[in-house]
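Protein chains in written order, with the working numbering: chain P, 1 to 279; chain F, 1001 to 1087.
Don't read these hints as lab results, they were simulated from the structure. Warning: the hint list may mix true and false statements.
Restraint-style ranges between C-beta atoms, simulated for each label pair [stated by the list, open to error]:
1) Arg1062(F) to Pro53(P): 54 to 60 Å
2) Pro172(P) to Asp1044(F): 17 to 23 Å
3) Lys133(P) to Trp1080(F): 50 to 56 Å
The C-beta atom is built at its ideal place from N, Cα and C for all residues, glycine as well.
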Amino acid sequence: MKERQSTVQSMPVRPHVSMAVGTRIMSNALTRKLESYEPLSPEDRHALDALVPKVRQVGARVDLIREGDEPENVLLILDGFACRYKVLPDGQRQIMAYLVPGDFCDLNVFILDQMDHNIGTISQCQVVDIPRKAIDEISTRHPSVTRAFLWCALVDGAVLREWLVNMGVRPPNQRIAHLFCELHSRLEVVGRVADDSYAFPFTQTEIAETMGLSNVHVNRTIRELKALNLIRIKGRVLTILDVERLKDYCRFTPNYLHLRNTRWGERRDVAWPGQTAVG
Amino acid sequence: MAERRNVETLVVLQPIAVDTDSPDREGMLVLANGLLIALLVRLDTPEHEQFGQWFMEVGLGRLKGLRTPTFITLDEATRWFRGQIRP
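Isolated chain F, as found in the complex (with noise of 0.2 Å):
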């Protein structure tokens, strides 16, 4: 099973509109090796601090309840899932 170290997560996003009772509704599934770990939404509400940049909404299993950082870029944002999820 050494090898199995080199085996990278397989980080998958998939667009989704979301309900945040709020004008951010732009969303990404974020499924991890086919399991679904966190729900990220792009901040359209110009008041935002963080305006345009994507947030992780709810996080599941080990990324509950973390207070994450929001991310530029959505490659961003995968490359940090991929850090947090190792196989």
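The following block holds chain P by itself, in its conformation from the complex (with noise of 0.2 Å):
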């Protein structure tokens, strides 16, 4: 476990808010997100409890893999908000995927020598190391399981597509707009979102660091779309006031998410091979 210094702390105060915003946590958070995307039985749900027998707590800001680290597990995040980041030599640091609750890193991990960026945490987490042979016994018992696997990497590929599409050329006030749209909706399917509120442990800096823009600038939006009424920041709780306002402002279409119980979801429906079809 590495302590990792944070830059700046920001962004409104009060120390702690729970990130179980629902009454369902733990576990559930991992079956609730692969249950976006593939139905499934009450053995593939007894199946994935098995996999978080060992559940720790790791606090905010640590890292939990480093750049060169050889990765021996698959991390998954059951509770709290991780990061994705690579730093450069002078010290700037870029974060490209945020990890909510339900989200692996990616589970062929192990196939790499070495990592090639960090994962570290933003807030505190609940954190479980899963072993490789884990995942493989679940691979060959439980098909619908593997499928939802499947769906969770093409899902995080098409997020980080998403994201890139951000950078590149939405403006800054729609870029973090979109942001919160996202966050909004993935914390959603895990049941972290109450009267459209959810946790936001994020520092002015780290936004900065994920949008390629600077802290005046996040400042300025941020104040923005407070003065719009379209978001409220207080206590470390972020609520949308208006969610198809935001949505409208940032053109936010999720179908990228690919969740199943959008309207974007039921046109994904595809037979998988061996399979006549799918419900």
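Two independent chains are provided; combine them into the complex using the hints.
This is the structure in structure tokens:
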């Protein structure tokens, strides 16, 4: 475990607000996420529960694995926020992804000789280390779980592409609004949104490092979104005051998240090899 | 041309009002040896972490796209620019 220096602590105050806004917590985050891609049987769910026998608590802003380390296990975030990042020799940091409850670092990460980037927590997290053997076993016996795992990998890639579009062509205000909409959708799936509010432990610096903007521009943009009555940030909780209006504002289209229970989800049913049809 | 190394870049600041779509509007054009190289803006919005400091809003030439520190005083900013733009 490696402590990381946090450059600036910003964003509104209050010390701690639990990530788990809803009542369903713990291993359910994984099951709920996978069920958003594939219908799972009680046996599938039982097998998934067995994947997470030992949960460890990790403090905020701690590295889980560093560039150059040899990956041994698959990391699963059960609660809290983590991120993937790289640091240039001059100290500048770029965050390339957020990991929210139910998210894995790459499922096939143990194929790599060494990590090409870092993964660190943003808030306090509940983390599970899943050995390769357990992933192999569940994949052999539970085809629905395997398909859901494949969805996870596809969607991770899709999110990365969307972030690339975000950084490349969306103006700063829409860029940040888009991130807030995406977090809303992803956290809702795993039961971490209540009344359009979710935990928001990010510092202004972390948002800047994610969006390729300066702290100053992040500050101005968030101020503008507040002034337009689109969002409120209080006590490390972000509330979207009008979800549809915020989505319109940044032209958020959730197709890239490929969730089953959305109007986009209906379009994505495919027959998998070896199957005649899929529900 | 050996003595040219001893010649310092002449950095001149010129006040200018700037539209940043925020209350930050007090600006300074930064000229180095007569060439416009950057635009500084004073952070006058109380929510800024670096409230009251000078921020490089735009950098030109080799300063383009740099994520720079903010400066507490204009003297500090001038010294920094002089260090960046060597003759």
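Against the structure, the hints:
1. Checked against the hint of 54 to 60 Å, the pair arginine 1062(F) and proline 53(P) passes, with Cβ atoms roughly 55 Å apart.
2. Range check, proline 172(P) to aspartate 1044(F): about 19 Å between beta-carbon atoms, so the 17 to 23 Å window is met.
3. The given range of 50 to 56 Å is respected by lysine 133(P) and tryptophan 1080(F), whose C-beta atoms sit roughly 55 Å from each other.
In summary, this structure violates none of the numbered hints.
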